[in-house]
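Participant: Chains as they are written, first to last, in the working numbering: chain A, 7 to 386; chain B, 1307 to 1514; chain C, 2 to 86.
Everything labelled a hint here was simulated from the structure, so no lab data went into it. As the structure is a computational prediction, the values presented were derived from the model and not from experiment. Using N, Cα and C, we set each Cβ at its ideal position, and we do this for glycine too. Take the hints with a grain of salt, since some may be wrong.
Rough simulated footprint, nothing fancy, chain A against chain B, three-plus residues with beta-carbon under 8 Å [as the list claims (entries may be wrong)]:
1) 1413–1424
2) 1432–1446
3) 1456–1462
Across the chosen pairs, the derived CB separations fall in these ranges [said to hold, decoys possible]:
4) C/G39 - B/E1337: 28 to 36 Å
5) B/L1349 - C/K54: 34 to 42 Å
6) A/E302 - B/T1329: 50 to 58 Å
Listed below are the residues making up each chain.
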Amino acid sequence: MSKVYLSYSNIISSLGFNSASVAKEVMLGNSGLKQIKDTSVMPEPFMSSLVDDDALTAAFNNKTEKKYTKLEKMFITSLQDTLGRSNIALTDRVGLIISTTKGNIDALDAENDFPKERAYLDVLAKNVAHYFDFKTEPIVLSNACVSGVLSVAVAKRYIKSNMFDHVFIVAGDLVSEFILSGFNSFQALSSEICKPYDKNRIGINIGEVAVSALVTKNEDDLSDEAVEILGEASCNDANHISGPSRTGEGLYRSIESALAQSNLTSEDIDYISAHGTATMYNDEMEAIALNRLGLEKTPMNSLKGYFGHTLGASGLLETIIGMYALNQNVLIKTLGFAEMGVTQPINVIENTVEKPLSTFLKTASGFGGCNTAVIFKKVK
Amino acid sequence: MKNQFKISSYCHVKQNKISLNGTVLFSAEAEESKFLKQAYKALDVNYSKFFKMDKLSQLAFLAADVLLQHENISEENQENIALVMGNKASSLDTDRKHQDSIQDKASYYPSPAVFVYTLPNIMLGEISIKYKLYSENSFFVFENFKTNYFYNYTNSLIDDKKADKILCGWVNVDDEDYEAFLYLVTPNGNLQHTEQQINTLYNELWKL
Amino acid sequence: MEALKQELKESLVEQLNLEDITPAEIADDDMLFGDGLGLDSIDALELIVMLDKTYGIKLTDPKQGRAIFESINTMSAYIAEHRTK
Chain A
7 MSKVYLSYSN IISSLGFNSA SVAKEVMLGN SGLKQIKDTS VMPEPFMSSL VDDDALTAAF
67 NNKTEKKYTK LEKMFITSLQ DTLGRSNIAL TDRVGLIIST TKGNIDALDA ENDFPKERAY
127 LDVLAKNVAH YFDFKTEPIV LSNACVSGVL SVAVAKRYIK SNMFDHVFIV AGDLVSEFIL
187 SGFNSFQALS SEICKPYDKN RIGINIGEVA VSALVTKNED DLSDEAVEIL GEASCNDANH
247 ISGPSRTGEG LYRSIESALA QSNLTSEDID YISAHGTATM YNDEMEAIAL NRLGLEKTPM
307 NSLKGYFGHT LGASGLLETI IGMYALNQNV LIKTLGFAEM GVTQPINVIE NTVEKPLSTF
367 LKTASGFGGC NTAVIFKKVK
Chain B
1307 MKNQFKISSY CHVKQNKISL NGTVLFSAEA EESKFLKQAY KALDVNYSKF FKMDKLSQLA
1367 FLAADVLLQH ENISEENQEN IALVMGNKAS SLDTDRKHQD SIQDKASYYP SPAVFVYTLP
1427 NIMLGEISIK YKLYSENSFF VFENFKTNYF YNYTNSLIDD KKADKILCGW VNVDDEDYEA
1487 FLYLVTPNGN LQHTEQQINT LYNELWKL
Chain C
2 MEALKQELKE SLVEQLNLED ITPAEIADDD MLFGDGLGLD SIDALELIVM LDKTYGIKLT
62 DPKQGRAIFE SINTMSAYIA EHRTK
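Next comes chain A alone, as it looks inside the complex (with noise of 0.2 Å):
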């Protein structure tokens, strides 16, 4: 059975515009995360980790006519740079998958200088598709905030079954008043930088990034700090479409099916990137669900400190944010975390230290009960 690996990527964000600068960031302990005063998108100060738009104006290379949106942007940068160092020729073996979940939902907006058809995902997979002449049908894939690790399932996949050598996949979400003023009616929003697992968590900040990656069963040119992608699954709790289960039912049956297609046990995971949003119940079922697997002696830390929850994207930014963790030997802390705040004992990570580290967890958990689990494991 061939492997199939990730490899080359990019980080768009407020932390920098490469996935190894950023990383570099987030190892030194820097958050993204600063309050925003913009009442266009939200009537009181909030937190959140935003893409500089004089900057992305200035990294965007547009070489065509057309007018682009923040997110296309964002996008075409991120695999723009991706693109580049894969060197991989775009043929009919090449796929391409978008992740999101609202896309250019802010064309719905009165105020927006964009069609509102443009807020139909499949024009937006197409814009980023056709900027790079991309042979193949982009793919894309919503399914909340598991989407973006997911991503990496699918193409993973699709490479098995044989439709493609190599995938690329994108991820993004725009910081945007549709998904301030829904988070903030379900009560869910941070006035404060979040505190993932902390006792005095109360809640979410929402940040944007682009990231991409190339996912490949070519095991020749791997970028340095390439993984393998040994299992993966993605599990429901057929328990409520906004409330995480409270027995961990989806992610802890994600967890145990990805382990068993690795050949792993619980014991073979150097450390966990969890999803820890810093919501009660979010964090909680989280623990729950590790304490089920006998995982909860693992290090594990939750990213949301550094770049607030970035919805589709989130999944596939902490992944490679992991990958570099991996290939620098470090366990990186969770900005934001204090005190223990969740009822089952758990390892949060509270300092980044150095430590020798082959395999890891990515896990998320989205509305719609959804719940997505990828183990990977060093090449180099």
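Take the given structure of chain A and dock chains B and C to it, following the hints.
Facilitator: What follows is chains B and C alone, placed relative to chain A:
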């Protein structure tokens, strides 16, 4: 192909008609939101959460319910049935509703019950909850139904033993337009699971 | 107060899409959540929006809702005391 999976049942909903395996089960003269409620009553679904769902989830739920009832799938068995669905308009029908609730700053009351349906995969959650499916969920968006993407993804789930059965299909709602086509891929069934067969079944949607 | 209770029952049925029951079937002391009417966490959030929109009452802590939304009796008493519109 390594796997010899078949298609055991399929369901179409369009033009105020619901059909199962090519036979119309219910039809009505009504605009869509009323049609879905009429169908709910006529088909004796008896699941009060149905009324809380948006049109997209109602449509997917009804189509899935008709098909899974016919297959004698019961929540007690907690079967491992993966859900692989897609559409063109994502959740835009409900997205527009949420946008309307925030467009006027003088009357700014976003509704959590609307917002939660601004994700297309919620329909997968609704079906999973009713049938206790703790299984793989994937939601795709394409310009139109892409048989090869559904076919290959389904086969990879079968090959990796991620599911015993897979409920696949296309569920789209966009303003007044709507259509649903679902088919169940199982080890046993009368129809071959091939791209050609899936296309043939999908095209029946337009003859309803 | 009776008029307010009737109004609340009607808005509950309409805004929470409780199509299988009528306002007349809701008793003043019926439990709205749990075993009673079976409302869930999204309904609770929706009721917070309703308090704001219809009665001008802003709840900042969702936990406050638990006691207020126990029954039609508790809801009407709270609204009568705190309403600004």
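Participant: With respect to the beta-carbon atoms only, verify the hint that A/E302 and B/T1329 lie 50 to 58 Å apart.
Facilitator: holds, 53 Å
Participant: Range first: 28 to 36 Å. Now tell me if the beta carbons of C/G39 and B/E1337 are that far apart.
Facilitator: holds, 29 Å
Participant: How does the segment 1432–1446 of chain B fare against chain A when you require at least three residues with a CB closer than 8 Å, holds or violated?
Facilitator: Coverage by chain A holds for the segment 1432–1446 of chain B (13 residues, Cβ < 8 Å).
Participant: If you count the residues of the segment 1456–1462 of chain B with a beta-carbon closer than 8 Å to a beta-carbon of chain A, do you get 3 or more?
Facilitator: Per the Cβ count (4), the hint holds.
Participant: In terms of beta carbon proximity below 8 Å, does the segment 1413–1424 of chain B have 3 or more residues touching chain A?
Facilitator: Our answer is that it holds, as 7 residues pass the Cβ test (under 8 Å) against chain A, meeting three.
Participant: Taking the CB of B/L1349 and the CB of C/K54, does the distance hold inside 34 to 42 Å?
Facilitator: Distance hint for B/L1349, C/K54 holds at roughly 35 Å.
The structure is consistent with each of the numbered hints, conforming to all of them.
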